[in-house]
Structure formats: structure tokens, C-alpha cells
Amino acid sequence: DGGITQSPKYLFRKEGQNVTLSCEQNLNHDAMYWYRQDPGQGLRLIYYSQIVNDFQKGDIAEGYSVSREKKESFPLTVTSAQKNPTAFYLCASSMDRGYNQPQHFGDGTRLSIL
Amino acid sequence: AQKVTQAQTEISVVEKEDVTLDCVYETRDTTYYLFWYKQPPSGELVFLIRRNSFDEQNEISGRYSWNFQKSTSSFNFTITASQVVDSAVYFCALSERDNYGQNFVFGPGTRLSVLP
Numbered sequence: 013d014g015g016i017t018q019s020p021k022y023l024f025r026k027e028g029q030n031v032t033l034s035c036e037q038n039l040n041h042d043a044m045y046w047y048r049q050d051p052g053q054g055l056r057l058i059y060y061s062q063i064v065n066d067f068q069k070g071d072i073a074e075g076y077s078v079s080r081e082k083k084e085s086f087p088l089t090v091t092s093a094q095k096n097p098t099a100f101y102l103c104a105s106s107m108d109r110g111y112n113q114p115q116h117f118g119d120g121t122r123l124s125i126l
Numbered sequence: 002a003q004k005v006t007q008a009q010t011e012i013s014v015v016e017k018e019d020v021t022l023d024c025v026y027e028t029r030d031t032t033y034y035l036f037w038y039k040q041p042p043s044g045e046l047v048f049l050i051r052r053n054s055f056d057e058q059n060e061i062s063g064r065y066s067w068n069f070q071k072s073t074s075s076f077n078f079t080i081t082a083s084q085v086v087d088s089a090v091y092f093c094a095l096s097e098r099d100n101y102g103q104n105f106v107f108g109p110g111t112r113l114s115v116l117p
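Protein sequence lines, in the order shown, are assigned to chains A and B. According to my numbering, the first sequence is numbered sequentially starting from 13. According to my numbering, the second sequence is numbered sequentially starting from 2.
By construction, these hints were calculated from the structure, which means they are not laboratory data. Among these hints, one or two may not hold up.
Only some residues are given here: those of chain A computed to face chain B with a beta carbon under 7 Å [to be verified]:
hint	residue
1	ASN30
2	ALA93
3	ARG109
4	ASP119
5	GLY120
In this text, a Cβ means the ideal position worked out from N, Cα and C, and glycines have one as well.
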């Protein structure tokens, strides 16, 4: 089955620690995205990537970093510079960055502070 | 100003009632796409429908129907004979073309609770 796999489902971060959220897709999509969702709120774009070895900041990139070394993978690192990281993180992909393309989502990762 | 407005934060209905979720958008483009997504309690966003700005025909899929009115910049979603499994947060989204390909903007969502 084609889809997007995010892991882990739940993640806990200690003060001063960097953590990495995994996102893998087998849909052969070129574009991938990371969103943050806070309780009762909509989705805010953190980073996106149109193609391998390329990525762009979204609306709330501060305190986060990404890489895109393989088409299938787009990991997100939440750094210690992100002072309020507790949120639900969603990874998405689309065939390309054409504006007619729907985005398809993974199951998400819930990140909490210890 | 918000590009996508979903004025209803939360709606509660009793099973078998019909319910309409409102979506109003704002854009200067003549060509754009609109989407609806469902987010059940499990968290994953499920893609429901895509509509382009040139197609104002209403669409029906089972108990779901969508009414797109360009004149009022609205793309409303109706669930007929609601069921408990319809309980979720529903997001409307607007996709416009920008210099980098796609500017995809989600509304704040409407939480629908269907009570048995």
C-alpha cells in the first residue's frame, strides 16, 4: 500500500535536546511538507521541499531544520532553539508543487516536553 | 486577513441530521483550487475533494456534497444523514499559484461532533 509513514507516533523531548521526526513516503512524490498543528488550531507550514537536495522555509521555520537526501525521506529536526515544541507534527507529500495537486498526509507525531 | 475562513469553530448534531460546514476564501487569482480534508481523532488528514475555480458544478459523493459559489467565494460542505463516524475536524484549503509553485493555505477547521 502506498502512503506516508511518520515515526514515532509519540516523542518526548528533554530541555536542550534536539529530536528528529521521521517521514517516509512510497508514493513517488516529488514534493514533501512539514506542518505543525497546535490544539484547536489549523496547520502551519514549517518547511517544504520540491525536489531532492532542495528545501524552503515555510511560515514558522525558526527552531527547526530539515534535509532531503532521498526522494522518499524528509526528516524534521526540532532543535533546542524551538522554545515551545509541544505540538502535533504532520508530514505531507504531493506529486509535485503544482497548485492543482492535493497533499496527502501521514498519521502525525505528537511531541511533548519532559 | 485570513485567506480561508471557517466561521464555525464547533458544531454538534444528532445522528441522521444534515449538517453544512461553511468555507469562505479570499484570493485575487482567477485560477485556483479548493480542497476539503477530514481529520478524525486518529490525527491523519484525509483528502476528500478538489475543485478548480472554473468548475462551479456541485458535486455529490454518497452522503457528502459540495456547493461551490464563486460569486460569494464560498465552498460549503454538506453531510446528509450524519453518522457518528463523521465526527472529526474538517479543514477547507485554498491553493494558489505562486513563484515556487503552490501556496497552500488551510482554514482553521470546524470540529463536528455527531451524537448518537
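- Do the numbers back the hint for ASP119 of chain A, that is, is its least Cβ distance to chain B under 7 Å? 5 Å, holds
- Interface restraint verdict for ALA93 of chain A against chain B (beta-carbon cut-off 7 Å): 25 Å, violated
- Query: Quick one, is the ASN30 of chain A hint okay against chain B at 7 Å, beta carbons?
  - Reply: Cβ of ASN30 of chain A sits 23 Å from chain B, so the hint is violated.
- Query: Can the hint on GLY120 of chain A be confirmed by a CB-to-CB distance to chain B that is less than 7 Å?
  - Reply: 4 Å, holds
- Query: At a threshold of 7 Å, is the proposed contact between ARG109 of chain A and chain B supported by beta-carbon distances?
  - Reply: 3 Å, holds
Of the numbered hints stated above, those contradicted by the structure are hints 1, 2, listed in ascending order.
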